[in-house]
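Put together the whole structure using the sequences plus the hints.
For what it's worth, my numbering labels the leading residue of the sequence shown as 72, then goes sequentially.
Some hints here could point you the wrong way.
Unchecked claim - For each label pair, taking beta carbons as the anchor points, the in silico distance ranges come out as: (1) T74 to G138: 22 to 30 Å; (2) T74 to Q168: 14 to 22 Å; (3) T121 to D171: 19 to 27 Å; (4) Q104 to L182: 19 to 27 Å; (5) Q76 to G207: 36 to 44 Å.
As the list claims (entries may be wrong) - Calculated lysine to aspartate or glutamate pairs in the EDC-like style (CA-CA distance at most 20 Å, straight line): (6) K197 to D120; (7) K142 to D109; (8) K197 to D119; (9) K197 to D108; (10) K142 to E103; (11) K197 to D95; (12) K142 to D132; (13) K142 to E82; (14) K197 to E166; (15) K142 to E96; (16) K142 to D108; (17) K197 to D132; (18) K142 to D95.
These aren't lab readings, by the way, just hints derived from the structure by calculation.
The C-beta atom is built at its ideal place from N, Cα and C for all residues, glycine as well.
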Amino acid sequence: MNTDQLRQLMEVSQFIHHEARLQDEHRYAEWEQLWTDDAIYWVPANGDDTDPEQQMSIIYDNRSRLGLRVKQLYTGKRHTQLPQSRLCRVVSNIEVQAQDGEHLVARSNALIFESHTRGEVLWAAKNEYRLRRVDGVWRMARKKVTLANNHSALYTMSFLI
Numbered sequence: 072m073n074t075d076q077l078r079q080l081m082e083v084s085q086f087i088h089h090e091a092r093l094q095d096e097h098r099y100a101e102w103e104q105l106w107t108d109d110a111i112y113w114v115p116a117n118g119d120d121t122d123p124e125q126q127m128s129i130i131y132d133n134r135s136r137l138g139l140r141v142k143q144l145y146t147g148k149r150h151t152q153l154p155q156s157r158l159c160r161v162v163s164n165i166e167v168q169a170q171d172g173e174h175l176v177a178r179s180n181a182l183i184f185e186s187h188t189r190g191e192v193l194w195a196a197k198n199e200y201r202l203r204r205v206d207g208v209w210r211m212a213r214k215k216v217t218l219a220n221n222h223s224a225l226y227t228m229s230f231l232i
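Right under this line is the structure:
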């Protein structure tokens, strides 16, 4: 790995870890700022490579819908998040996969521990990022979160994974 690749991997790793911290701390307004204007946030259901335009997804949000989802979290009317879940994310296996023009594709794995009054849940996910530099900083143009158990019924997930 040359110096430029190493620098890029370090920048991407810092970005992904920063995103995870914002999610764990429920700092969703700041998390929302990490997205581009044309962003897609996708959490597929029933497999890894389904077509979100043809098949059901757990989440398939464009930028507008993502903003609305964040606003809903701040209304106090998300009763499954009263009190808020305590979250702790472990991010690993960060790799820069490719760079095509203005976009960079990166992957990571995450384990998310959720503690709530209704119990404790461990979520496992493979994350794929499509990042773009906007005004000199990385932003997410697309994020795909593939839950390891996305083929099973998910009884509650009222935070943004």
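Quick rundown of the hints versus the structure:
Between T74 and G138, the C-beta spacing of about 38 Å breaks the proposed range 22 to 30 Å. Checked against the hint of 14 to 22 Å, the C-beta distance between T74 and Q168 comes to roughly 19 Å, which is consistent with it. Checked against the hint of 19 to 27 Å, the pair T121 and D171 passes, with Cβ atoms roughly 23 Å apart. As the Cβ distance of Q104 to L182 is approximately 25 Å, the hint placing it in 19 to 27 Å holds.
Take Q76 and G207: their Cβ atoms lie about 19 Å apart, and the range 36 to 44 Å is violated. Between the alpha carbons of K197 and D120 the distance comes to roughly 12 Å, so the proposed pair stays at or under 20 Å and holds. Pair hint K142 plus D109 holds up; C-alpha atoms about 18 Å apart against a cutoff of 20 Å. At most 20 Å may separate the alpha-carbon atoms for a hinted pair to count; K197 and D119 meet this at roughly 9 Å.
Between K197 and D108 the CA atoms are separated by roughly 24 Å; this puts the pair beyond 20 Å, and the hint is violated. This hinted pair checks out: K142 and E103 have alpha carbons roughly 10 Å apart, not beyond 20 Å. For the proposed pair K197 and D95, the alpha carbon gap of about 17 Å is at most 20 Å, so the pair holds. The straight-line distance between the Cα atoms of K142 and D132 is roughly 14 Å, inside the 20 Å bound, and the hint therefore holds.
Between K142 and E82, the direct Cα distance comes to roughly 29 Å. Violation of the 20 Å bound is thereby established for this hinted pair. Distance check on the hinted pair: K197 and E166 sit about 12 Å apart at the alpha-carbon level, within 20 Å; holds. Pair hint K142 plus E96 holds up; C-alpha atoms about 16 Å apart against a cutoff of 20 Å. A distance of roughly 16 Å separates the Cα atoms of K142 and D108; the hinted pair therefore holds under the 20 Å criterion.
Annotation: proposed proximity of K197 to D132 holds, straight-line Cα distance about 18 Å (limit 20 Å). Between K142 and D95, the direct Cα distance comes to roughly 17 Å. Compliance with the 20 Å bound is thereby established for this hinted pair.
Hint compliance for this structure: hints 1, 5, 9 and 13 are not met, and every other hint is.
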